[in-house]
Amino acid sequence: MEKEKTFFVESELVSQLQQRNSKTFGYLYDHYAPSLYGVIYRIIGSEEMAQDILQETFVKIWNNVETYEPSKGKFFTWALNIARNTAIDKLRSKEYKNSMQHKDSLASKQVRNKSNESSQQIGEFIGLNEVLKKLRAEHRLIIDMMYFEGYTQAEVAEKLGIPLGTVKTRARAALEHLRNLLREDFDF
Amino acid sequence: MKVQEYIESGILSIYVLGIATEEERTEVEQMAEKYPEIREELYSLQAAMNEYASQFELQPPQELKERIMQRITTESTQSDAYLGTAKNTSTIQRYGIAATVILLLMSLAGNFHFYTLWKEAERDLSIVKAQNIENEKKIIALEAKYKDIENELALVQNPSFKITHLEGLQDVAPKSYATIFWNDEKKQAFIFTNSLPKPPKGKQYQLWAVTKGDNIVWDAGVFDWGKLSPVKCFEKPDKFIITLEKEGGVPKAEGKAYAIGTVKS
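Sequence order for the protein chains is A and B.
Residue numbers for the first sequence follow my numbering, so the first one is 1322 and each next one is one higher.
Residue numbers for the second sequence follow my numbering, so the first one is 3 and each next one is one higher.
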């Protein structure tokens, strides 16, 4: 079962947000902010920037809630994508690259270097649940490269030294493995 | 089959992981709309990815919520203000427009008022519903707890049950205690231990009985922490010892002793 994000039915939550109900927005924030902030922080590696990006993300959610299409997936997926994409855009921006040259942020180093750590270590570092500790390091690496580092398919192929044509099947194998691990725990 | 091939190509995974190209994205969305099987697979992958992303949960600083709430309330007033600006028109037109706008605003205000009331009622109802479910859960939990306490009280009052108090050991569980109710006639025993520290995941407390001047140690079995639990009964023990062992118990005590108590003769 997917984590219960609110006690609203999702359609109700969305329709109240579309009516610009700021109380509902408060609920949304309480339920979504930790997940979104976690992903943003993992991408950007700086608390200060992560907070700005989280703010930008929620403003985007508020202003664009009409464009959410339920047929494309859950509202949480939609919100998560906004957070992730905003953070990835920032990561690629000049502003970010400049600031990283001047600032030697420890947090960013920890996050940036994550591909070199074993999955066991990462698991302990952020207290991941048991299931994800079982995720094979190679699969975890490919998921994180794509989702958290935002490498393009060509970049992934180059970094891993594999043909471009196999990037998709590698991604599929990794997600399949992740889904199977989660299925032991949850039910979807 | 075309659909199966499409699923196996891995393009859906690329989409879910957020690195599909613009063209691929459009294609995936069109395919998902067309084929329920593809849509199902896509939802399922999204659910897995949501769960994965949620593993990294991090609490943002408290004051950020206020900042964001403030930001969105000012954004909505700004857009309202924009809707209110008028363009240059002739005086008569202006009066006409003004009158229409006033009427419209009055009507809108009325609609909005009732709409707000309705929506508020709807929201309140959903909150009350959720609270009811919560309360029901609480009542069920309380009933179970009450039953435990009742059973425990019955034991305390039953003269055929002898009570032995076990004291927590200084180094691991100071100020803790456990109570064993033991019925020699019926060969029944119960233990209650909620003042000992809660055992970590994968661990369980196990009770040992020592008889005849510490010569023989009996395994009295593992038991649930925090509620009255039956344990295996013995010929008059002299002493009880509780150790922390791996879940399911061990044939011979391996873990640390947590509490110890002597049976009154």
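If you're looking for bench data, these hints aren't it; they were derived computationally from the structure.
The structure displayed is predicted, hence computed values, not measured ones.
Ideal placement from N, C-alpha and C gives every residue a C-beta, glycine not left out.
A portion of the hints provided could be inaccurate.
[To be verified] Computed footprint of chain B on chain A; a stretch qualifies when at least three of its residues, placed anywhere within it, have a C-beta under 8 Å from a C-beta of chain B:
1) 1337–1344
2) 1349–1356
3) 1360–1369
4) 1384–1398
5) 1409–1417
6) 1453–1467
[Said to hold, decoys possible] Examples of chain B residues lying across from chain A (beta carbon under 10 Å, computed):
7) L44
8) K67
9) E77
10) V174
11) P176
12) Y179
Verification of the hints:
1. 1337–1344: With 6 residues close enough to chain B, the hint holds.
2. 1349–1356: Check passed, 5 qualifying residues.
3. 1360–1369: holds (count 3)
4. 1384–1398: The restraint on the segment 1384–1398 of chain A holds, since 7 of its residues have a Cβ under 8 Å from chain B and three suffice.
5. 1409–1417: violated (count 1)
6. 1453–1467: It holds, with 3 qualifying residues against the three required.
7. L44: holds, 7 Å
8. K67: holds, 6 Å
9. E77: Since the shortest Cβ distance to chain A is 7 Å, the answer is holds.
10. V174: violated, 24 Å
11. P176: This hint is violated: B/P176 lies away from chain A, its Cβ roughly 28 Å from the closest one there, beyond 10 Å.
12. Y179: Not OK, violated: B/Y179 not within 10 Å of chain A, min 32 Å.
Figure legend: structure checked against the earlier numbered hints; hints not met, in rising order: 5, 10, 11, 12.
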